[in-house]
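Participant: If you want the building blocks of each chain, they are given just below.
2 protein chains.
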Amino acid sequence: MTENKKSNEGLTAKKEENFSEWYQQLILKAELAGYTSVSGCIVFRPTAWQIWEKIRDEVDKRLKKINVKNVYFPLFIPESLLKKEQEHVKGFSPEVAWVTQAGNTKLQERLAIRPTSEAIMYESYSKWIRSWRDLPLKYNQWSNVVRWEFKHPIPFFRTREFVFNEGHTAFATKQEAEKEAIQIINIYKEILEDYLAIPGIIGKKTDKEKFAGAEYTLTIESYLPNGKAIQGPDFHHDGQNFAKAYNIKFKTKDEKEEYVWQNTWAISTRMLGVMFALHSDNKGVVLPPQVAQNKIVIVPISSEKDKKILDQSKKIFKQLSKYDPILDDRSEVTPGFKFHEWELKGIPIRIEIGPKDLKSKQAVIIRRDTSEKKITKITNLQKQIDLTLKEIQNNLFNKANKLLKNALDKSDNLKDTLNKLQKQKLVLVPLKNSTKAEELLQEKFKGAKTLNMPLKQPPIKGKKCITTNQPADYWVYVGKSY
Amino acid sequence: MTENKKSNEGLTAKKEENFSEWYQQLILKAELAGYTSVSGCIVFRPTAWQIWEKIRDEVDKRLKKINVKNVYFPLFIPESLLKKEQEHVKGFSPEVAWVTQAGNTKLQERLAIRPTSEAIMYESYSKWIRSWRDLPLKYNQWSNVVRWEFKHPIPFFRTREFVFNEGHTAFATKQEAEKEAIQIINIYKEILEDYLAIPGIIGKKTDKEKFAGAEYTLTIESYLPNGKAIQGPDFHHDGQNFAKAYNIKFKTKDEKEEYVWQNTWAISTRMLGVMFALHSDNKGVVLPPQVAQNKIVIVPISSEKDKKILDQSKKIFKQLSKYDPILDDRSEVTPGFKFHEWELKGIPIRIEIGPKDLKSKQAVIIRRDTSEKKITKITNLQKQIDLTLKEIQNNLFNKANKLLKNALDKSDNLKDTLNKLQKQKLVLVPLKNSTKAEELLQEKFKGAKTLNMPLKQPPIKGKKCITTNQPADYWVYVGKSY
Numbered sequence: 049m050t051e052n053k054k055s056n057e058g059l060t061a062k063k064e065e066n067f068s069e070w071y072q073q074l075i076l077k078a079e080l081a082g083y084t085s086v087s088g089c090i091v092f093r094p095t096a097w098q099i100w101e102k103i104r105d106e107v108d109k110r111l112k113k114i115n116v117k118n119v120y121f122p123l124f125i126p127e128s129l130l131k132k133e134q135e136h137v138k139g140f141s142p143e144v145a146w147v148t149q150a151g152n153t154k155l156q157e158r159l160a161i162r163p164t165s166e167a168i169m170y171e172s173y174s175k176w177i178r179s180w181r182d183l184p185l186k187y188n189q190w191s192n193v194v195r196w197e198f199k200h201p202i203p204f205f206r207t208r209e210f211v212f213n214e215g216h217t218a219f220a221t222k223q224e225a226e227k228e229a230i231q232i233i234n235i236y237k238e239i240l241e242d243y244l245a246i247p248g249i250i251g252k253k254t255d256k257e258k259f260a261g262a263e264y265t266l267t268i269e270s271y272l273p274n275g276k277a278i279q280g281p282d283f284h285h286d287g288q289n290f291a292k293a294y295n296i297k298f299k300t301k302d303e304k305e306e307y308v309w310q311n312t313w314a315i316s317t318r319m320l321g322v323m324f325a326l327h328s329d330n331k332g333v334v335l336p337p338q339v340a341q342n343k344i345v346i347v348p349i350s351s352e353k354d355k356k357i358l359d360q361s362k363k364i365f366k367q368l369s370k371y372d373p374i375l376d377d378r379s380e381v382t383p384g385f386k387f388h389e390w391e392l393k394g395i396p397i398r399i400e401i402g403p404k405d406l407k408s409k410q411a412v413i414i415r416r417d418t419s420e421k422k423i424t425k426i427t428n429l430q431k432q433i434d435l436t437l438k439e440i441q442n443n444l445f446n447k448a449n450k451l452l453k454n455a456l457d458k459s460d461n462l463k464d465t466l467n468k469l470q471k472q473k474l475v476l477v478p479l480k481n482s483t484k485a486e487e488l489l490q491e492k493f494k495g496a497k498t499l500n501m502p503l504k505q506p507p508i509k510g511k512k513c514i515t516t517n518q519p520a521d522y523w524v525y526v527g528k529s530y
Numbered sequence: 049m050t051e052n053k054k055s056n057e058g059l060t061a062k063k064e065e066n067f068s069e070w071y072q073q074l075i076l077k078a079e080l081a082g083y084t085s086v087s088g089c090i091v092f093r094p095t096a097w098q099i100w101e102k103i104r105d106e107v108d109k110r111l112k113k114i115n116v117k118n119v120y121f122p123l124f125i126p127e128s129l130l131k132k133e134q135e136h137v138k139g140f141s142p143e144v145a146w147v148t149q150a151g152n153t154k155l156q157e158r159l160a161i162r163p164t165s166e167a168i169m170y171e172s173y174s175k176w177i178r179s180w181r182d183l184p185l186k187y188n189q190w191s192n193v194v195r196w197e198f199k200h201p202i203p204f205f206r207t208r209e210f211v212f213n214e215g216h217t218a219f220a221t222k223q224e225a226e227k228e229a230i231q232i233i234n235i236y237k238e239i240l241e242d243y244l245a246i247p248g249i250i251g252k253k254t255d256k257e258k259f260a261g262a263e264y265t266l267t268i269e270s271y272l273p274n275g276k277a278i279q280g281p282d283f284h285h286d287g288q289n290f291a292k293a294y295n296i297k298f299k300t301k302d303e304k305e306e307y308v309w310q311n312t313w314a315i316s317t318r319m320l321g322v323m324f325a326l327h328s329d330n331k332g333v334v335l336p337p338q339v340a341q342n343k344i345v346i347v348p349i350s351s352e353k354d355k356k357i358l359d360q361s362k363k364i365f366k367q368l369s370k371y372d373p374i375l376d377d378r379s380e381v382t383p384g385f386k387f388h389e390w391e392l393k394g395i396p397i398r399i400e401i402g403p404k405d406l407k408s409k410q411a412v413i414i415r416r417d418t419s420e421k422k423i424t425k426i427t428n429l430q431k432q433i434d435l436t437l438k439e440i441q442n443n444l445f446n447k448a449n450k451l452l453k454n455a456l457d458k459s460d461n462l463k464d465t466l467n468k469l470q471k472q473k474l475v476l477v478p479l480k481n482s483t484k485a486e487e488l489l490q491e492k493f494k495g496a497k498t499l500n501m502p503l504k505q506p507p508i509k510g511k512k513c514i515t516t517n518q519p520a521d522y523w524v525y526v527g528k529s530y
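So the sequences go chain by chain: A and B. Sequential numbering from 49 applies to the first sequence in our numbering. Sequential numbering from 49 applies to the second sequence in our numbering.
Be aware that a few hints might be false.
Chain copies aren't distinguished; within one or between two, either way the pair holds.
Straight-line alpha carbon distances no greater than 30 angstroms define the calculated DSSO-like cross-link-like pairs of lysine-lysine that follow [unchecked claim]:
#1 Lys431 to Lys109
#2 Lys370 to Lys109
#3 Lys301 to Lys186
#4 Lys109 to Lys438
#5 Lys468 to Lys450
#6 Lys492 to Lys471
#7 Lys117 to Lys363
#8 Lys362 to Lys301
#9 Lys117 to Lys362
Hints were generated in silico from the structure; no laboratory data involved. The structure displayed is predicted, hence computed values, not measured ones.
Working from the sequences, and respecting the hints, build out all of it.
Facilitator: Here's what the structure looks like:
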């Protein structure tokens with residue numbers, strides 16, 4: 049497929065028939081991302097990037113309220129520094145991009161491009177944190193990271209460079225540190241639900257799937273129409289693992305020396321892909337109004353150039369300026385051409401003004417999500433727009449939520465579970481806390497893995513692990529997953 | 049020097065005696081930046097980073113008004129792509145950090161960490177731009193770049209990784225492209241003057257000093273108290289140089305194929321350093337109120353714990369919440385300790401409340417920049433704060449402007465010029481447009497170079513170049529420079 053095309057060239061693949069081809073076309077034809085000659089990396093084009101900036105600003109606002117401060121640490125991590133925490137380096141080193149040369153000079157020590165910034169940040173934390181007075185220390189950065197995936201890259205979902213926030217906090221006690229989990233998860237949940245219209249399952253990762261170096265990991269897992277789960281924002285409680293590796297100690301009030309307790313947490317540009325994939329349809333992108341920059345496109349409808357219709361359109365354009373509307377007054381293309389183009393690009397509401405509307409002092413409102421038409425008096429337009437934007441936002445969330453809820457299932461035996469996985473369900477199953485138990489699952493059903501353990505657990509006593517047949521330790525969702 | 053210290057430990061070096069030691073101490077002790085084990089890179093600590101975010105937001109707001117859209121391109125540039133524009137690669141390749149390995153795999157082609165993004169962006173521009181309808185194309189990104197300087201790194205001024213905006217615009221005609229210069233330079237000038245309180249000289253770089261690949265470069269040059277100039281934001285008109293190298297063509301209205309005309313422009317984190325160095329003093333940082341996050345610190349003064357004074361302080365704290373004040377109610381340190389700490393960190397205004405103030409329903413306001421004290425009735429406090437913040441902002445700009453204006457000088461012969469350079473002047477001199485003329489200058493006075501040619505030029509006819517003695521082509525500022 050090419051990026052050189054007419055601006056309204058539609059999608060030829062169907063979401064329900066060939067999801068992955070449909071997604072690729074959507075991303076390119078709606079100008080959300082572009083490819084370059086760097087394999088596995090994408091360009092974030094304006095529509096996608098402005099949504100990321102919106103996510104950043106909204107998350108940031110909420111982080112500031114809980115006294116998190118933004119910082120910026122170097123992109124590079126010397127190899128020796130990265131290697132200080134054993135689990136961490138084991139998890140990341142297969143994917144690290146290494147700088148070995150600068151200009152014509154070979155570097156004495158290889159520098160990792162940060163895959164995440166624990167190593168470089170905690171070196172400084174160990175200098176900055178001295179006493180209980182320095183705690184809690186709550187820093188965050190918005191940064192680009194590189195994880196050189198050798199799997200097939202997918203725009204937004206899996207790219208070798210991506211952008212995220214990384215919060216890195218340090219506390220005097222484990223209890224205080226763990227209290228942060230709910231604050232952070234709630235912020236991410238709010239952004240996902242109220243802005244991106246993405247529902248999710250909140251739970252704890254198994255030890256096999258947790259973050260490299262963490263004591264435990266909480267995630268929000270989402271579900272896509274192709275039957276696959278995808279991991280969203282996460283929160284890691286690190287205990288004192290990194291504190292011990294990077295020597296981050298403080299003096300308590302009674303002058304004892306102790307290691308700090310740490311958390312890290314992140315939301316990434318992956319969520320853009322989840323949002324595009326979840327809501328969009330065979331006509332193109334569908335954007336939740338809360339994140340759409342231009343919430344309205346106004347299209348004057350007139351066979352000849354009718355100045356009165358254009359004037360009326362301009363008047364409405366001004367009146368609705370807070371929605372950052374687009375007035376499409378091009379004369380070289382037909383209204384139909386324009387409809388296709390803006391549907392492809394996902395503008396939430398289209399307003400049409402034709403001769404009849406002009407006469408009756410009305411306008412036609414068309415919803416992008418349902419194609420529903422409403423005729424509204426101009427005097428009532430602003431109110432109707434507000435209402436319609438809310439309806440679209442709610443409809444997208446509710447549809448996605450229904451999709452997720454319909455996919456949730458439960459089982460306590462392997463045969464039934466495999467059958468349900470076949471039907472693209474996310475199945476809550478009893479499992480033993482062992483790598484073996486999860487490997488067996490993946491053997492039996494390629495592509496399936498554990499997602500997370502819901503925080504509210506059904507009774508587990510007496511249940512057998514569906515793969516090892518030994519006593520189960522917890523209920524955990526399993527499903528096909530990215 | 050160490051980063052482990054008491055929070056109010058003052059500067060021991062004097063700005064007027066040993067500027068570079070003073071600057072280093074300022075940056076570390078006021079917690080603006082930190083060093084890591086990556087040589088030449090710094091950590092941007094919260095005070096510095098929030099100012100950068102302020103610059104970003106203010107610049108961004110203005111760019112959006114002129115229809116610039118934000119994007120994000122990959123960090124990596126394949127070597128073959130970087131090499132397409134000859135002058136560009138010649139200018140940058142000595143400083144490029146190269147990725148040669150990912151995980152355990154040696155890459156087939158080396159990847160440059162972007163020193164700037166022309167190469168990677170224009171590859172996409174050549175796909176996206178087809179017709180006059182696609183122009184102007186005005187994109188910008190906020191990104192981190194790496195230029196592996198082998199000179200001595202200085203925090204903010206010269207670091208191997210820094211953060212900047214890079215605007216990359218394409219137009220149908222040279223005239224349209226050149227019109228953008230004044231828009232962009234005015235935005236940068238406004239941010240420098242009204243926010244950072246940094247005055248500058250606007251002018252054109254000589255061919256020797258212009259951006260690698262540009263037709264010409266405009267800059268804003270600033271002047272530091274140590275007698276050195278430093279280049280600030282810049283605007284490059286690229287003509288069709290990159291368009292030809294990266295094959296960016298469009299069809300005109302009459303169906304002819306032409307190359308686009310391009311500009312690039314940037315403001316970087318270097319300006320943080322210029323601002324810190326320009327305004328700060330021997331007590332610590334001085335911040336222009338327009339960029340200070342916490343504009344006020346409130347210090348209750350009471351020998352014992354006087355609950356009434358604390359209550360009054362809290363009341364004022366609430367009343368002044370829009371200035372994001374700090375209430376320093378620590379009981380374990382003295383008021384004097386607190387004064388030193390907040391002076392070191394550069395809070396623009398300190399408010400003291402003592403027993404006498406409580407009784408008289410007043411507060412004491414102390415300006416960080418002049419140490420001037422004012423006693424104000426509480427009823428008048430907000431008004432007085434507003435006024436004082438404006439006075440500080442103006443005072444900082446005026447002082448810096450006076451410093452710059454006093455440094456500006458003019459000369460039309462070499463001996464006099466060298467004499468003035470010795471006195472740390474920036475000297476406007478007639479020069480021939482040749483590399484030789486500039487090399488001779490640098491030979492005669494180590495550390496001096498051409499800064500820029502003011503847009504309004506004095507008459508040049510009949511003037512001789514001060515170094516080659518041949519007919520001069522222009523008046524240009526020369527000075528010691530970073």
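Participant: For the identical chains here, do Lys468 and Lys450 meet the 30 angstroms Cα criterion within one copy, between copies, both, or neither?
Facilitator: So Lys468 and Lys450 pass the 30 angstroms test inside one copy only (18 angstroms; across, 77 angstroms).
Participant: How do Lys362 and Lys301 come out at 30 angstroms by Cα distance, when the copy is not named: within, between, both, or neither?
Facilitator: Between copies, since 26 angstroms is at most 30 angstroms while 66 angstroms is not.
Participant: When no copy is named, should Lys431 and Lys109 be tagged within, between, both, or neither for a Cα gap of at most 30 angstroms?
Facilitator: both (28 angstroms within a copy, 28 angstroms between copies)
Participant: Measure nothing new, just compare the shortest in-copy and cross-copy C-alpha distances for Lys117 and Lys363 to 30 angstroms and report within, between, both or neither.
Facilitator: Between copies, since 25 angstroms is at most 30 angstroms while 44 angstroms is not.
Participant: Could you figure out if Lys109 and Lys438 sit no more than 30 angstroms apart (CA to CA) within one copy, between two copies, both or neither?
Facilitator: both (22 angstroms within a copy, 27 angstroms between copies)
Participant: Are the CA atoms of Lys117 and Lys362 at most 30 angstroms apart within a copy, between copies, both, or neither?
Facilitator: between (43 angstroms within a copy, 23 angstroms between copies)
Participant: Are the CA atoms of Lys301 and Lys186 at most 30 angstroms apart within a copy, between copies, both, or neither?
Facilitator: Close inside one copy (20 angstroms), not across copies (56 angstroms); limit 30 angstroms.
Participant: Checking Lys492 and Lys471: alpha-carbon separation at most 30 angstroms within a copy, between copies, both or neither?
Facilitator: within (15 angstroms within a copy, 81 angstroms between copies)
Participant: Within, between, both or neither: how does the pair Lys370, Lys109 come out at a Cα-Cα threshold of 30 angstroms?
Facilitator: Both, since 21 angstroms and 15 angstroms are each at most 30 angstroms.
In this structure, none of the earlier numbered hints is contradicted; all agree with it.
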